[in-house]
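Trainee: Generate the whole structure from the sequences, applying the supplied hints.
2 protein chains.
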Amino acid sequence: MKFSPLVDELIQTLKCLPGVGPKSAQRMAFQLLERDRKAGQSLSQALSKAMSDVGHCQSCRTFTEEVHCPICASHKRGLSQVICVVETPADVLAIEAGGHFSGRYFVLLGHLSPLDGVGPDELGLALLEEHLASGEVAELILATNPTVEGDATAHFIADIAKSHNVIVSRIAHGVPVGGELEYVDSTTLALSFNGRLPL
Amino acid sequence: MKFSPLVDELIQTLKCLPGVGPKSAQRMAFQLLERDRKAGQSLSQALSKAMSDVGHCQSCRTFTEEVHCPICASHKRGLSQVICVVETPADVLAIEAGGHFSGRYFVLLGHLSPLDGVGPDELGLALLEEHLASGEVAELILATNPTVEGDATAHFIADIAKSHNVIVSRIAHGVPVGGELEYVDSTTLALSFNGRLPL
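Chains as they are written, first to last, in the UniProt record's numbering: chain X, 1 to 199; chain U, 1 to 199.
Take these hints with a grain of salt, some might be off.
No distinction is drawn between identical chains; accordingly, a pair holds when it is met within one copy or between any pair of copies.
Pairs of lysine-lysine residues, derived as DSS-like cross-links and limited to a Cα-Cα distance of at most 30 Å, are as follows [as the list claims (entries may be wrong)]:
hint	residue 1	residue 2
1	K15	K162
2	K38	K76
3	K49	K23
4	K76	K162
5	K23	K76
6	K23	K162
Hints listed in this document are in silico derivations from the structure and should not be mistaken for laboratory results.
Mentor: So this is what it looks like as structure tokens:
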């Protein structure tokens, strides 16, 4: 049934959100229309502002509406000699939530995937190389995802770093804390054996 | 970690959607920012237009941006002598999806719930009574939800209909088609026995 053009359009466009199908979209639209039109208006404004104004940090490529993101702009961390390379801005949030890393980041916004047309240019590796060539980087920590593409990307970047004589390391992969050996997959177990540390 | 004011605001406001928590909101914001800013902009426009322009049908109270909804405005159904009373516009969609009902609707936009301050006025029962008093209604079908509040609402409306000498009926409650007796709750089973039909 066609409901009313505006309501139909709202339901259709809500489906652009990840994990939202026709039923959820309908529920969202009706909830906003019935209960909380103010929230709907503020969501509309937040969306519009974010979509048009949020760009990328000129130093680390994460999302920001300024020239530099808060981390790159800070006196303490912006000139850190340690750079952590991650795939997405969400990874930055995950690492920051721990609060144990005090260097700066470089966000690839993806991983090498030639079939999808994602090469070194799309990942901003020229910008990363500028950082490495400046002589201000002592160590590059690779924190790409432990997937085939993430591994390939890590190795590709490691080669660049080595050519600039920068120490390069990869975060450890192994059994997660609180996990049980019995339920850990065999590849992770193999990695945890290879990466064992002396006690 | 504070990310960037605009991104933070977007994540916060996305949480007003039903079923969306902090992690989903973050995923939605990043997906829109990374992959589909056009979709984000159209969602913003659709939201803004719907929130400000969508009102209620003056005849049946469902959502519409016109004076009357498509059903009430149609020549065929708008003057139907059968009115089906439902709680929400989503119920209208569910019944229309079946395509077996050709009368018109009356949407309560809720159910009687004195503790939440929802009384006859909030449900537009004065408007329903106008329809009943006009003499143009032959039958009122009550399709409120089979909950305590839905039942109470149905009985309340049935009394009004009877005082206007309008035939009033309630949709049947029983074992759903495709359901198995073994897994149907005892109240539903009891209702299905009470509502048995001669073969």
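Trainee: Indicate, hint by hint, whether the structure satisfies it.
Mentor: A quick look at each hint next to the structure:
1. K15 to K162: Answer is neither; intra-copy 45 Å and inter-copy 44 Å both fail.
2. K38 to K76: Close neither inside one copy (40 Å) nor across copies (36 Å); limit 30 Å.
3. K49 to K23: This pair counts as both: shortest intra-copy Cα distance 27 Å, inter-copy 21 Å.
4. K76 to K162: Within one copy only: 26 Å inside, 77 Å across.
5. K23 to K76: between (48 Å within a copy, 29 Å between copies)
6. K23 to K162: Answer is neither; intra-copy 52 Å and inter-copy 36 Å both fail.
Hints 1, 2, 6 from the earlier list are contradicted by this structure; the remaining hints agree with it.
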